[in-house]
Amino acid sequence: MTNMTQASATEKKGASDLLRFKIFGMPLPLYAFALITLLLSHFYNAIPTDLVGGFALMFVMGAIFGEIGKRLPIFNKYIGGAPVMIFLVAAYFV
Numbered sequence: 364m365t366n367m368t369q370a371s372a373t374e375k376k377g378a379s380d381l382l383r384f385k386i387f388g389m390p391l392p393l394y395a396f397a398l399i400t401l402l403l404s405h406f407y408n409a410i411p412t413d414l415v416g417g418f419a420l421m422f423v424m425g426a427i428f429g430e431i432g433k434r435l436p437i438f439n440k441y442i443g444g445a446p447v448m449i450f451l452v453a454a455y456f457v
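Residue numbers (my numbering): 364 to 457.
To be clear, the hints were calculated from the coordinates, so they are not data collected in a lab.
In this text, all values refer to a predicted model and were calculated from it rather than measured experimentally.
By construction, the Cβ of each residue, glycine as well, lies at the ideal position given by its N, Cα and C atoms.
One thing to keep in mind: the hints can contain errors.
As the list claims (entries may be wrong) - Each computed BS3-like pair below joins lysine-lysine, with the alpha-carbon atoms no more than 27 Å apart:
#	residue 1	residue 2
1	Lys-376	Lys-440
2	Lys-440	Lys-385
3	Lys-433	Lys-376
As the list claims (entries may be wrong) - Just the calculated beta-carbon pair ranges, DEER-fashion:
#	residue 1	residue 2	range
4	Asp-413	Leu-382	31 to 37 Å
5	Val-452	Asp-413	35 to 41 Å
6	Ala-454	Phe-418	15 to 21 Å
7	Leu-391	Phe-450	31 to 37 Å
8	Arg-434	Ser-379	16 to 22 Å
9	Ala-453	Pro-411	29 to 35 Å
10	Phe-450	Leu-393	22 to 28 Å
11	Arg-434	Leu-402	36 to 42 Å
12	Leu-398	Ala-454	19 to 25 Å
13	Phe-418	Lys-376	35 to 41 Å
14	Val-452	Lys-376	30 to 36 Å
15	Phe-384	Val-457	27 to 33 Å
Working from the sequences, and respecting the hints, build out all of it.
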């Protein structure tokens with residue numbers, strides 16, 4: 364009986380950890396909503412081609428690549444971390 368209780372407690376802890384995970388200070392569910400909204404608008408050709416659409420795309424991409432740059436150990440310590448990763452990825456897409 365205790366094994367089942369421990370298993371359910373572990374599952375609950377894992378789900379709450381996932382909900383508390385933050386990407387550049389934003390909770391994961393909010394970031395996922397922004398990402399899904401941007402992807403759906405892209406697939407249906409509804410993304411604006413003006414400044415609003417550009418900022419939305421830069422925000423979503425910058426947040427994810429900033430988080431990657433922050434978590435890579437050698438890149439973070441010796442090269443500059445999140446800001447440099449965002450600049451390098453943005454330069455690659457140009």
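Now for the hints, and whether the structure bears them out:
1. Lys-376 to Lys-440: 31 Å, violated
2. Lys-440 to Lys-385: 21 Å, holds
3. Lys-433 to Lys-376: Holds. Lys-433 to Lys-376 sits at ~25 Å (cutoff 27 Å).
4. Asp-413 to Leu-382: 31 to 37 Å: Cβ of Asp-413 to Cβ of Leu-382: about 34 Å, so the range 31 to 37 Å holds.
5. Val-452 to Asp-413: 35 to 41 Å: 22 Å, violated
6. Ala-454 to Phe-418: 15 to 21 Å: With Cβ atoms ~18 Å apart, the hint holds.
7. Leu-391 to Phe-450: 31 to 37 Å: Since the Cβ atoms of Leu-391 and Phe-450 sit about 24 Å apart, the hinted range of 31 to 37 Å is violated.
8. Arg-434 to Ser-379: 16 to 22 Å: 21 Å, holds
9. Ala-453 to Pro-411: 29 to 35 Å: At 19 Å between Cβs, range violated.
10. Phe-450 to Leu-393: 22 to 28 Å: 25 Å, holds
11. Arg-434 to Leu-402: 36 to 42 Å: Violated: the Cβ-Cβ distance is about 23 Å, outside 36 to 42 Å.
12. Leu-398 to Ala-454: 19 to 25 Å: 22 Å, holds
13. Phe-418 to Lys-376: 35 to 41 Å: 36 Å, holds
14. Val-452 to Lys-376: 30 to 36 Å: 33 Å, holds
15. Phe-384 to Val-457: 27 to 33 Å: 30 Å, holds
Checked against the numbered hints given earlier, this structure breaks hints 1, 5, 7, 9, 11; the rest are met.
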